[in-house]
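Number of protein chains: 2
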Amino acid sequence: MTKQEKLQDIQVKPDSFECSVTADITVFGYVDGKLKILLIKRSFGHFKNQWHVPGGVMEADETIEDCAAKVLFSLTGFRDIHFEQVKTYTELDRHPLKRVITVCFYALVRPENHPLTLRDNVTSIDWFDMDKIPEKLGYDHEKLINEAYLFVQNNLRHKLIVGELLPKEFTLQELQNLYEDILDVELDRRNFRKRIFQMDVLENTGEKKQGVKGGPYLYRLKQSKAIR
Amino acid sequence: MTKQEKLQDIQVKPDSFECSVTADITVFGYVDGKLKILLIKRSFGHFKNQWHVPGGVMEADETIEDCAAKVLFSLTGFRDIHFEQVKTYTELDRHPLKRVITVCFYALVRPENHPLTLRDNVTSIDWFDMDKIPEKLGYDHEKLINEAYLFVQNNLRHKLIVGELLPKEFTLQELQNLYEDILDVELDRRNFRKRIFQMDVLENTGEKKQGVKGGPYLYRLKQSKAIR
Chain U
1 MTKQEKLQDI
11 QVKPDSFECS
21 VTADITVFGY
31 VDGKLKILLI
41 KRSFGHFKNQ
51 WHVPGGVMEA
61 DETIEDCAAK
71 VLFSLTGFRD
81 IHFEQVKTYT
91 ELDRHPLKRV
101 ITVCFYALVR
111 PENHPLTLRD
121 NVTSIDWFDM
131 DKIPEKLGYD
141 HEKLINEAYL
151 FVQNNLRHKL
161 IVGELLPKEF
171 TLQELQNLYE
181 DILDVELDRR
191 NFRKRIFQMD
201 VLENTGEKKQ
211 GVKGGPYLYR
221 LKQSKAIR
Chain S
229 MTKQEKLQDI
239 QVKPDSFECS
249 VTADITVFGY
259 VDGKLKILLI
269 KRSFGHFKNQ
279 WHVPGGVMEA
289 DETIEDCAAK
299 VLFSLTGFRD
309 IHFEQVKTYT
319 ELDRHPLKRV
329 ITVCFYALVR
339 PENHPLTLRD
349 NVTSIDWFDM
359 DKIPEKLGYD
369 HEKLINEAYL
379 FVQNNLRHKL
389 IVGELLPKEF
399 TLQELQNLYE
409 DILDVELDRR
419 NFRKRIFQMD
429 VLENTGEKKQ
439 GVKGGPYLYR
449 LKQSKAIR
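Just so you know, the sequences run in chain order U and S. Each residue of the first sequence is one higher than the one before, counting from 1 in my numbering. Each residue of the second sequence is one higher than the one before, counting from 229 in my numbering.
Because the hints were derived from the structure by calculation, they are not lab data. Mixed in with the good hints, there may be bad ones.
Sample of chain U residues facing chain S (criterion: CB under 7 Å; computed from the structure) [stated by the list, open to error]:
no.	residue
1	18
2	59
3	63
Computed cross-link-like contacts, DSBU-like style, restricted to lysine-lysine with a CA-CA straight-line distance of at most 35 Å [as the list claims (entries may be wrong)]:
no.	chain 1	residue 1	chain 2	residue 2
4	U	143	U	132
5	S	450	U	194
6	U	70	S	364
7	S	364	U	36
8	U	213	U	143
9	S	396	S	364
10	U	132	S	241
11	U	168	U	41
12	S	436	U	222
13	S	450	U	36
14	U	41	S	241
15	S	364	U	13
16	S	436	S	264
17	U	41	U	70
18	U	168	S	422
19	U	143	S	422
20	U	13	U	213
21	S	360	S	371
Glycine residues also receive a C-beta, built at the ideal position from the N, C-alpha and C atoms.
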């Protein structure tokens, strides 16, 4: 191949290499100050006897975000979940059937809002403590989960990705408790509040928490900054 | 389609939908306290008369990271650049030829280390101030650049993504100056140092900066935490 051909070769052409694309969704559940991960087993297909995160293939008429919502609903029944991209995995041999790249997403939910039910073709579904994930997950999902977990922890440090974990209106102490739970650290009250206000994502409702005399103000996420 | 078929439909099958995948690399250059973005024009192909970031198609035998390195070398001659994924874009009509999804990367370099040369099929290459990006970039690259820029700024707040922007050994003041330049803010010296040490990414070389009497210690990135 000449230098010229080699350069032209990086352009997209009608016969450029193509592969399938999947969405895999790491759904983290927050229960009593601990993060858990949602895993399933399916009744057919690759790794049908092994736990893995919900995932499935993108079609011609959908974006990868459409695909993630479709897959999550098909396999878990969960609807209207907020999720965000973590990373795209493209290792050559990551899928046993053919070349498949996957876009990994994370979501962060309260499990009590999403009762587990067995959908067709799903034989098992359950929440697992992060330190009790089953061995030998399907595909490269152990790696996906570990990297998504790090991502969630890191992002919590500079973004407000509380998702549905807080009520619509909450006190600063409730927010701090959530952060301390997920990050597994104790935070200095004054520094925490300073950093949260620097993020400019909260607004004071002007209301105070009821049942607490002279109690603390309730805050809510600013509309434009809310992630759901 | 029955419910059963619909569920089976999300599994990867031999005839599942396939599309081409590209890597686009937003290369930010740090010059005199300002971030600039590297743009090129090519001599053929789509958007050949418009500025866009270096990008090209992934082949069957390479990961998207291999692809990004190949593309960057082909179009700019840059080698051994550290880059990281930002986000994957999958809108249905984002490429004029066919369905093409792209994985966007960012890199952060010192332009003086990478003199610009015109490679075959590249008709123009230049650094642009972030507030002077040309109008009507090719593809969806305006969006890619804006989101990558936000990503770089956000990441700098909790990770040490200084890349090649600092010498191998540097003082804490030099590090703080870099952060202040890129984030375009003034940082409190004590808080800055506290946060940097919390990251646990630096080690004290034990050497002091020469030419400054009783001068400040030189630090370096811990080997395991260095990004290059």
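Do the hints match the structure? See the list:
1. Contact between residue 18 of chain U and chain S, as hinted, is supported at the beta carbon level, the nearest pair being about 4 Å apart and thus within 7 Å.
2. A distance limit of 7 Å between C-beta atoms decides the matter here; for residue 59 of chain U the minimum to chain S is near 5 Å, and the interface restraint holds.
3. The beta carbon of residue 63 of chain U comes within 5 Å of a beta carbon in chain S, closer than 7 Å, and the hint placing it at the interface holds.
4. The hinted pair formed by residue 143 of chain U and residue 132 of chain U meets the criterion: a straight-line CA distance of about 15 Å does not exceed 35 Å.
5. Among the hinted pairs, residue 450 of chain S with residue 194 of chain U is consistent with the structure: their alpha-carbon atoms are about 29 Å apart, no more than 35 Å.
6. Using a Cα cut-off of 35 Å, the hinted pair residue 70 of chain U and residue 364 of chain S holds, with the two alpha carbons roughly 34 Å apart.
7. For a cut-off of 35 Å, the pair hint linking residue 364 of chain S to residue 36 of chain U is broken: about 45 Å separates their Cα positions.
8. Restraint check for residue 213 of chain U and residue 143 of chain U: not satisfied, since their Cα atoms lie roughly 48 Å apart, outside the 35 Å limit.
9. With a CA separation close to 39 Å, the supplied pair residue 396 of chain S and residue 364 of chain S exceeds the 35 Å bound.
10. Of the pairs offered as hints, the one joining residue 132 of chain U and residue 241 of chain S holds, with about 31 Å between alpha carbons and a cut-off of 35 Å not exceeded.
11. Of the pairs offered as hints, the one joining residue 168 of chain U and residue 41 of chain U holds, with about 34 Å between alpha carbons and a cut-off of 35 Å not exceeded.
12. Taking the CA atoms of residue 436 of chain S and residue 222 of chain U, the gap is near 47 Å; set against the 35 Å cutoff, the hint is violated.
13. At most 35 Å may separate the alpha-carbon atoms for a hinted pair to count; residue 450 of chain S and residue 36 of chain U meet this at roughly 32 Å.
14. Distance check on the hinted pair: residue 41 of chain U and residue 241 of chain S sit about 18 Å apart at the alpha-carbon level, within 35 Å; holds.
15. Between residue 364 of chain S and residue 13 of chain U, the direct Cα distance comes to roughly 23 Å. Compliance with the 35 Å bound is thereby established for this hinted pair.
16. At roughly 32 Å between alpha-carbon atoms, residue 436 of chain S and residue 264 of chain S fall within 35 Å of each other, so this suggested pair holds.
17. Only pairs whose Cα atoms come within 35 Å are accepted, and residue 41 of chain U paired with residue 70 of chain U is accepted, the gap being roughly 17 Å.
18. For the hint linking residue 168 of chain U to residue 422 of chain S, the alpha-carbon distance of about 33 Å falls within 35 Å, and the restraint holds.
19. Note on residue 143 of chain U and residue 422 of chain S: the hinted pairing holds, with a Cα-Cα distance of about 31 Å set against a maximum of 35 Å.
20. A distance of roughly 69 Å separates the Cα atoms of residue 13 of chain U and residue 213 of chain U; the hinted pair therefore is violated under the 35 Å criterion.
21. Taken as a hint, the residue 360 of chain S and residue 371 of chain S pair is honoured in the structure, with Cα atoms around 15 Å apart against an allowance of 35 Å.
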